[in-house]
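Produce the entire structure from the sequences given, and follow the hints as far as they go.
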Amino acid sequence: MPYDALDFYDVDSLLTEDERMVRDMVRDFVDKDVLPEIEHACRDGVFPDEWRVTLGEMGVLGAPLKGYGCPGLSYAAYGVICRELERGDSGLRSFASVQGSLAMYPIWDFGSEDQKNYYLPKMASGEWIGCFGLTEPDYGSNPGDMITKAEDMGDHYLLNGAKMWITNGSIAQLAVVWAKLDGVIRGFIVEQDDEGFSAPEMKGKHSLKASVTSELVFQDCKIPKDRILPGVKGLRGPFSCLNNARYGISWGAIGAAQACFDSAREYSLSRIQFEHPIASYQLVQNKLSWMLREITKAQLLAYHLSQKKDSGDWIPEHISLAKMNNVDIALEIARVARDIHGANGILDEYPVMRHMANLESVKTYEGTHDIHNLILGRYITGIQAFTRETS
Amino acid sequence: MEITIIAETSGEGIHPVTEQLVGAASSLGGEITVLCPGGRGSDDASVISGVSKVISLQGDCFSSFDSGSWSTVMAPFSKGMVIASSSPTGRELGAQIASKIGVPIVQDVTGIEPDNKVTRSVYSGKVVETSSLPSPCVVTLRQNAFEGASGGGSAEVVVVDNSSEVSVSVREAIAKAGERMDVSDAEIVISGGRGMGDPSNFSHLNEVADVIGAAVGASRAAVDSWDEIPHSMQVGQTGKTVNPTLYIAVGISGAIQHLAGMRSSKYIVAINKDPDAPIFGVADYGIVATWEEALPVLKEELSKL
Amino acid sequence: MTIAVLLKQVPDTTAKIAVSGGRVDQASVAKWSTSPYDEYALEYALQLKEAGAGDLVAITCGPDRAAKMLTDAAAVGVDSMLHVVADTTEMDSKQIQSILAAAIKHCGADVILCGKQAADTNSGSTGPGIASIIDAACVGMVSEVLVEGDSFSALRASSSGNERVSVSRPCLFAFDKASTELRRPNVKGIMMAKRKVIETVSAMDLGVDMGESQVIIESHDSPPEKPPGQKFEGVDSVQTVVLKLREEANVI
Chain A
1 MPYDALDFYD
11 VDSLLTEDER
21 MVRDMVRDFV
31 DKDVLPEIEH
41 ACRDGVFPDE
51 WRVTLGEMGV
61 LGAPLKGYGC
71 PGLSYAAYGV
81 ICRELERGDS
91 GLRSFASVQG
101 SLAMYPIWDF
111 GSEDQKNYYL
121 PKMASGEWIG
131 CFGLTEPDYG
141 SNPGDMITKA
151 EDMGDHYLLN
161 GAKMWITNGS
171 IAQLAVVWAK
181 LDGVIRGFIV
191 EQDDEGFSAP
201 EMKGKHSLKA
211 SVTSELVFQD
221 CKIPKDRILP
231 GVKGLRGPFS
241 CLNNARYGIS
251 WGAIGAAQAC
261 FDSAREYSLS
271 RIQFEHPIAS
281 YQLVQNKLSW
291 MLREITKAQL
301 LAYHLSQKKD
311 SGDWIPEHIS
321 LAKMNNVDIA
331 LEIARVARDI
341 HGANGILDEY
351 PVMRHMANLE
361 SVKTYEGTHD
371 IHNLILGRYI
381 TGIQAFTRET
391 S
Chain B
1 MEITIIAETS
11 GEGIHPVTEQ
21 LVGAASSLGG
31 EITVLCPGGR
41 GSDDASVISG
51 VSKVISLQGD
61 CFSSFDSGSW
71 STVMAPFSKG
81 MVIASSSPTG
91 RELGAQIASK
101 IGVPIVQDVT
111 GIEPDNKVTR
121 SVYSGKVVET
131 SSLPSPCVVT
141 LRQNAFEGAS
151 GGGSAEVVVV
161 DNSSEVSVSV
171 REAIAKAGER
181 MDVSDAEIVI
191 SGGRGMGDPS
201 NFSHLNEVAD
211 VIGAAVGASR
221 AAVDSWDEIP
231 HSMQVGQTGK
241 TVNPTLYIAV
251 GISGAIQHLA
261 GMRSSKYIVA
271 INKDPDAPIF
281 GVADYGIVAT
291 WEEALPVLKE
301 ELSKL
Chain C
1 MTIAVLLKQV
11 PDTTAKIAVS
21 GGRVDQASVA
31 KWSTSPYDEY
41 ALEYALQLKE
51 AGAGDLVAIT
61 CGPDRAAKML
71 TDAAAVGVDS
81 MLHVVADTTE
91 MDSKQIQSIL
101 AAAIKHCGAD
111 VILCGKQAAD
121 TNSGSTGPGI
131 ASIIDAACVG
141 MVSEVLVEGD
151 SFSALRASSS
161 GNERVSVSRP
171 CLFAFDKAST
181 ELRRPNVKGI
191 MMAKRKVIET
201 VSAMDLGVDM
211 GESQVIIESH
221 DSPPEKPPGQ
231 KFEGVDSVQT
241 VVLKLREEAN
251 VI
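Protein chains in written order, with our numbering: chain A, 1 to 391; chain B, 1 to 305; chain C, 1 to 252.
Possibly wrong hints are sitting among the right ones.
[What the hints assert, rightly or not] Keeping only pairs whose Cα atoms sit at most 25 Å apart, straight-line, the calculated BS3-like set for lysine-lysine is:
#  : chain 1 : residue 1 : chain 2 : residue 2
1  : C       : Lys177    : A       : Lys32
2  : B       : Lys266    : B       : Lys126
3  : B       : Lys176    : C       : Lys105
4  : A       : Lys149    : A       : Lys180
5  : C       : Lys105    : B       : Lys266
6  : C       : Lys244    : B       : Lys126
7  : B       : Lys100    : C       : Lys105
8  : B       : Lys299    : C       : Lys244
9  : C       : Lys226    : B       : Lys266
10 : B       : Lys100    : B       : Lys79
11 : C       : Lys68     : A       : Lys32
12 : B       : Lys266    : C       : Lys231
13 : A       : Lys122    : C       : Lys244
14 : C       : Lys226    : A       : Lys32
15 : B       : Lys304    : C       : Lys231
16 : A       : Lys116    : C       : Lys188
17 : C       : Lys226    : C       : Lys68
18 : B       : Lys126    : C       : Lys31
19 : A       : Lys222    : A       : Lys233
20 : C       : Lys68     : C       : Lys244
21 : C       : Lys231    : A       : Lys308
[Said to hold, decoys possible] Distance windows between CB atoms, simulated:
#  : chain 1 : residue 1 : chain 2 : residue 2 : range
22 : A       : Trp290    : B       : Glu228    : 42 to 52 Å
23 : A       : Gly45     : B       : Glu228    : 46 to 56 Å
24 : B       : Pro199    : C       : Gln239    : 26 to 36 Å
25 : A       : Pro277    : C       : Ala30     : 15 to 25 Å
26 : B       : Ala175    : A       : Ser198    : 30 to 40 Å
27 : B       : Gly102    : C       : Glu218    : 15 to 25 Å
28 : C       : Gly108    : B       : Glu156    : 40 to 50 Å
29 : B       : Leu305    : A       : Lys32     : 34 to 44 Å
30 : C       : Gly108    : A       : Glu57     : 26 to 36 Å
31 : C       : Gly21     : A       : Arg43     : 16 to 26 Å
32 : B       : Gly102    : A       : Glu17     : 34 to 44 Å
33 : B       : Leu305    : C       : Ala30     : 34 to 44 Å
34 : B       : Pro114    : A       : Leu283    : 52 to 62 Å
Derived by calculation from the structure, the hints in this document are not laboratory data. Glycine included, C-beta positions come from ideal geometry on N, C-alpha and C.
Here is the structure:
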């Protein structure tokens, strides 16, 4: 049965016809390939490899990038892709976000011509998976203090350090790793087989179970000289990647929220208590009406942001607001939806608890909710509140 | 008014639906001629009450189904209102005849009045359409929607040996595959739950399914309990959503998750020994009995049809 | 050598259908889709094209909104599209067949694929009727078609299973549900579809004078409500239920 999405204000009618065709294509993939398998994937803690293949065949990886075999779609289309994927599962959307915004994007923007020609076509086709190494065990919200470092050894670089919480790490053929070279943050492309590189998987997650999360460990890891990203120095590199990924998340979260709303609505209409469907009770209607309200606002926010992204008229704070708001309401919608499902809500028969657990991660990664508040706080007041030192 | 009936054949004889076609035609009044393609069932047709003439078409082209050549031979004999069964072959043949004699066709009619008003079901059964037909025209009638005419007639049988060039040649007949239909494709689904007691007992569901061409499904409880019952059979929230015309739930209590996958079925039959099982709340026809008692009888009754 | 696939846009089979003023309220249909059997016809038409049997044109007759379906078909690889803009809702079988037969002639197609019936009107007259008009071999209930040299081999349902049949051009295949996977477009295809132009014509442009509909639709009504559920005790009731399934529900 094709998915009939909640779109109260008909926001999707503002998309172009080809953007809606891309939406329908991804929607069909989620309905036919993802939803029937997602609970098994979560239970087994695997990202099904067929999904990688299909994402590549559909041609949606690195959606907004142009040239080098990349799709060259609008940011609106990229947003819609993220939303549809995350209706399936945040882990699936994370895969696509990391591949496109965190691994392909820095090569596309900061890489040499040779790097772009070599890596991007096979990443767009899904043949190669990429990951992104910024966060470290002890440096999450303050990546500027990272300790992973690179040394120039004349004919190669030597990488030492460790990265943590790396989506796709153990299944990736390449990692875009940020490390300090003479105290300046630089990007390096590390390949799976490089000497001194390993990517052990992190087990035991209660969230994003259908997504692979790893550590990246560099012990005297030798990197050829031509694998440094020549085009960027400093935190601007990783932050520009994060901006694009956060943009995708602001759309993706809507997909998860829609899935929870749909399930809650359907459940409340069929669940009979005290001889009536629970949907007929005011407390439940209040919850559903609140969900509809928040999803509609999030849709308008995301759509307007997409137009700003596509016209180039945007600042990172715009993205912070959307990421923060949309993930926040999605998580709360998942929690309330779980509540409406009663005890049934904890079962994997329904998607709500899975989305709820996923969204706890989504709220934390790519800039925590609080960090985005601080970004906006600095924007409003001109005073940074990340550290106690004033600047 | 003349009425021409295209006999529905089955093997070398006549399919019982032909009697229903004659029954419907008789209610309209008029002289009824039955065309028997390939001469099959001519004798059977001649004894159906109300038939005045049987034309036994014996041309070579009738050895295998080819609506093009068949209709070429049949069109000149298709006079007045032409009535066929709405079986796949009846529809195809009817449409070709209509086109050849230059009249419209209305398919899959479930009710017909002497003033040429017909009713039929459209939009996947969500709408009933009433329309009036011109005369002459072609209609196909839905099986079992009309009373069959009785026997006791004695129509003359006229043999015609006309043929036409065959353009569809049959190279190979392939017997029905043993593979069972998927629950999401089937018009009829019979599902078992944990109440079946043991996965080997699903063989009893298979037997019933074979009689009526149904797919066999299962509740999640059954799939989770028994490795022999694959997830592909699961109907429900995390399994498949089905909407067949008939869903038979056997030994399924009717948890809300199961209902989510099958409640949009057009008709639901529940067989359960517990009279308070929630499945009875959504069933059109509930039978309070154990499956051990009910399934053999069900199989027998369905076989009689 | 041209292959034509006939597509019809219908209310999605899951969509609610409202009746108002004695007619289905088309404006209230939330979602329109390609008629399901037509999708199998399209898939096999693409396979025939890929096997070198000719260029593929998708043809529809319907209102403006049906153009979307042709663009979707272009995204999966249809070479060209012909849209005969017309309101088919009150047309009889002769009218629609004469338009589509003219459209097929206009495209010069001699291999035609279509669904065995449309999900809305539930008829199954169009394919065989057209075959008769253009004098093409007609194969119904098809679940597979392959190129075999100059001719085609098709699998069709028969009373005892399936049979493999051979036909030569000109020929028409009316598709039943097939076991093949339907293809999904990709971004490249969608971008290409954007650049393809739909040829839009009227029945008159095709030289068709279809006259008046001879079948007059009197009314559309919602089907009668089902009776409330009935519960029977004991195994003796099995016979009763089977009888009711046949006579009351008319489902077996």
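Could you check the hint for me, namely that Gly102(B) and Glu17(A) are 34 to 44 Å apart, CB to CB? holds (41 Å)
Taking only the CA atoms, is the gap from Lys100(B) to Lys79(B) under or equal to 25 Å? Status holds; Cα separation ~12 Å.
Can the restraint linking Lys226(C) and Lys266(B) be considered satisfied, given a maximum Cα separation of 25 Å? holds (9 Å)
Given the range 52 to 62 Å, decide if the beta-carbon distance of Pro114(B) to Leu283(A) lies inside it. For Pro114(B) and Leu283(A) the Cβ distance comes to about 59 Å; the hint holds.
Within 26 to 36 Å or not, the Cβ separation of Pro199(B) and Gln239(C)? Holds: the Cβ-Cβ distance is about 29 Å, inside 26 to 36 Å.
Would you check the hint for Lys226(C) and Lys32(A), treating anything up to 25 Å between C-alpha atoms as holding? Roughly 32 Å separates the two Cα atoms, so the pair is violated.
Check the hint pairing Lys176(B) with Lys105(C) against an upper bound of 25 Å on the C-alpha distance. Violated - the C-alpha atoms of Lys105(C) and Lys176(B) are around 37 Å apart, more than 25 Å.
With the threshold set at 25 Å, check whether the alpha-carbon distance from Lys304(B) to Lys231(C) stays at or below it. Between Lys304(B) and Lys231(C) the Cα gap is close to 23 Å, so the pair holds against 25 Å.
Please verify whether Lys244(C) and Lys126(B) have alpha carbons no more than 25 Å apart. Roughly 21 Å separates the two Cα atoms, so the pair holds.
Would you mind confirming whether the straight-line C-alpha gap from Lys68(C) to Lys32(A) stays at or under 25 Å? holds (22 Å)
Hint check: Lys122(A) vs Lys244(C), CA-CA at most 25 Å. Holds or violated? violated (61 Å)
Satisfaction of hint between Lys231(C) and Lys266(B), Cα-Cα up to 25 Å: Roughly 17 Å between the alpha carbons, so the hint for Lys266(B) and Lys231(C) holds.
Violated hints, in rising order: 3, 5, 13, 14, 17, 20, 21, 23, 26, 31; the structure is consistent with all others.
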